[in-house]
Amino acid sequence: MNISIIKKEFMELMRDGRAISLSAIVGLLLVLALSTGLSNERTKEQRIFQAKMADAEAFNAQGEKNPHSAAHFSRMAHKPIAPLSSFDPGVSSFLGQVIWLEAHYRNPAMFRAAEDAPELSRLENFSLAGVLTLVIPLLIILLGYGSISGEKERGTLRQLIGSGTSLQTLLLGKFIVISATLFFVLLITVSFSIVTSIVLLDEAAPSMSDLLMRGASLLSSYGLYVLILTAITLLVSTLVSESKTALLILLAVWAITVVALPRLSASIAEQVYPSPHSHEFWEATDASLEANRPDGASADYAAVEQRVIERAIGRSLEEGEAENLSINARGVRFEVSEVIDSETYNIAFAELFENYAKQRNLRRLLSIFSPTIALQHLSQAFSGTDINAHEHFSNEAERQRNDIVRMLNEEMMLNGSGGTSRYLAPAEFWETVPEFQYRQPSIGSTWRQSFPDFFILLFWGWIGLVALFLLGRTRAEF
Amino acid sequence: MSELLLAQALTKKFQSKTALHELNLSVRRSEVVCLLGANGAGKTTTINLFLGFLKPTTGAAYVDGLEVSSNLDEVRKKISYVPEQVSLYPSLTGLENLDYFVKLSGKRQPHESYLRELLGRVGLDQIVANNRVKSYSKGMRQKIGLAISLAKDAKALLLDEPLSGLDPSAANEFSNLLRGLADNGTAVLMATHDLFRAKEISDRIGIMKSGCLVQELSPDGMDQASLEEIYLEQMRNSDETSG
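So the protein sequences, as listed, match chains F and W.
Quick note on the numbering used here: the first sequence kicks off at 1 and runs consecutively.
Quick note on the numbering used here: the second sequence kicks off at 479 and runs consecutively.
Hints in this document: simulated from the structure, not taken from any laboratory.
The structure presented is a predicted model; accordingly, all values stated were derived computationally and were not measured.
Where a beta carbon is used, it is the ideal one built from N, C-alpha and C, also for glycine.
Careful, some of the hints might be misleading.
Distance condition first, Cα-Cα at most 27 Å in a straight line; then the derived DSSO-like pairs of lysine-lysine [as the list claims (entries may be wrong)]:
1. Lys152(F) x Lys612(W)
2. Lys491(W) x Lys152(F)
3. Lys7(F) x Lys495(W)
4. Lys7(F) x Lys612(W)
5. Lys677(W) x Lys633(W)
6. Lys555(W) x Lys152(F)
7. Lys612(W) x Lys244(F)
8. Lys152(F) x Lys616(W)
9. Lys585(W) x Lys555(W)
10. Lys7(F) x Lys556(W)
11. Lys616(W) x Lys244(F)
12. Lys152(F) x Lys495(W)
13. Lys633(W) x Lys616(W)
Reference excerpt, derived from the structure (chain F facing chain W, CB under 8 Å, subset only) [to be verified]:
14. Ser4
15. Lys8
16. Met11
17. Glu12
18. Asp16
19. Arg18
20. Asn107
21. Arg154
22. Gly155
23. Thr156
24. Arg158
25. Leu160
26. Gly162
27. Ser163
28. Gly164
29. Thr165
Model the full assembly from the supplied sequences, consistent with the hints where possible.
See the structure below:
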């Protein structure tokens, strides 16, 4: 029986000129979004590649140079293109793409695409995810607002019910047709994004299986979103008697839950957990650095100094051995200060990211009123473009900074002990400094962080389907 | 129980207005019963209560012995319904509409030749059947509606003013079809304003006014003028009462 309903609904859809025009417009929007995304990511990829090459070339061509001077010159950590950023660029444009791995300082990421872009380049945010998030609900509303109310107006509902068809069966058939149509649009879109990502794959990209899992996760999230919106649309269409009333109600729901609430939730989160201004953050961090630096004669300082020397020589120190070691004291001081400051930086950045996490949790709470908020979180997370992905990159870059600076300081400590403080490392030394090999977070860790958002979508879906099921069973008078 | 359709003290109130008041009515197998009455007399409410579109305030409607509101699924398998305006899907052809409604009424994959035979029985041109319904006249849509009912092969057929707007020839064909169905065992309950057709095909006629069945009569041996006289007399009584 359901097959007949599905077949007839599809037949009507195919013969409806409005549906075909609508499909053409949506198709065009998606193609535009995909080509914009692809073009942006290609440009970014080329820039990253060129910048990485230039950075490596400049570092390796320093010639004979004092290692500490080289530590200030240092390297850049380039954030690779996220796995599915052509689908959803997320917050990547606003968080910077390169971190300068300088001695003494944990620098923030710089070169934000949004900052560098001229006004007209705001199209960079014209992403597939953005189009889908806004357009999917509209499409569902346009396909479904008259599903039941239209049957009522035409009089066909009474005839169908009178023929022995249950409202539940009818609702199920219409639910399947609308969801399947939109799911097909999703499948095409996500598949194209995966193909695009494969074209752009570089050494930092996740494996093919990881990419496919990300695609499947995106499909599941957007698929759930489609189910939720289809259920809401059919509920409204069943409860009202006129199609135009259903359309008005659904457009109001769209404006509130899809357009207004996601933006409002970001403002509320920022009000409740304000992000520190750049100068406030650095003032506070500088004060903490000052406060946490132990006195050079203290036991704490001596303990760090011993750890630094032992790590450099690769063994434990005998008692009283430190004074007699042939080691560059300046290099030791640099590394001790690096180790002490690094801990303070880690705490300051952890607090900063903790604040972002609190903002995200508050938005999560508000997604009880709008599934779009939970979907935005999931879309960015599975595309690898959310704040968690940036935190991972920032922490990995800091690890690389610590490794590079330590290597340069140890070069100075161990080889610059000839009495001069201006030790020059040989020209070939720089090539022994390892490149930044960044591996993006796996899909497993993304799922662990995103499960609450997925659960919220599941909850919405469950409520929608149960309400539709009950309405189909209990509505008796027509 | 020999009655296929039975109303026992059937009452329906909409807030303070009583649309139907303690109706007692039965329609047996092979019997055609017509309900006559002015607009708002309770004819459509009666049909809606038998179809389960409305729940009675008091009393009960039965179809083949089953109380309607508590056995909706079973009841709807036993009845067919032709409304005043047969509503179809305008972007589908007559044949596709018929196919859809027949499948949804529980028939599995009706063969096209069977559907065409049904259309032939209700007198719809085979070529017209392949046209989209948006180009159909009211009479053509009514014929599709009747074909849907025929396909269901129901025990009882409920019709709500199916003849209104049909030209005399189409109305005559339609009436003959109904009589034929009844002769083959179907119980037919039809609400109509058409006294002439009612007299032609009915076994019994019920005259309704203000939600009450005021008179039940057999048209056998009665001429058209007499029926009209009785009907108008009942309507005048109604006017005097309300006046």
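Output the numbers, in ascending order, of every earlier hint that fails for this structure. Failing hints, ascending: 3, 19, 20.
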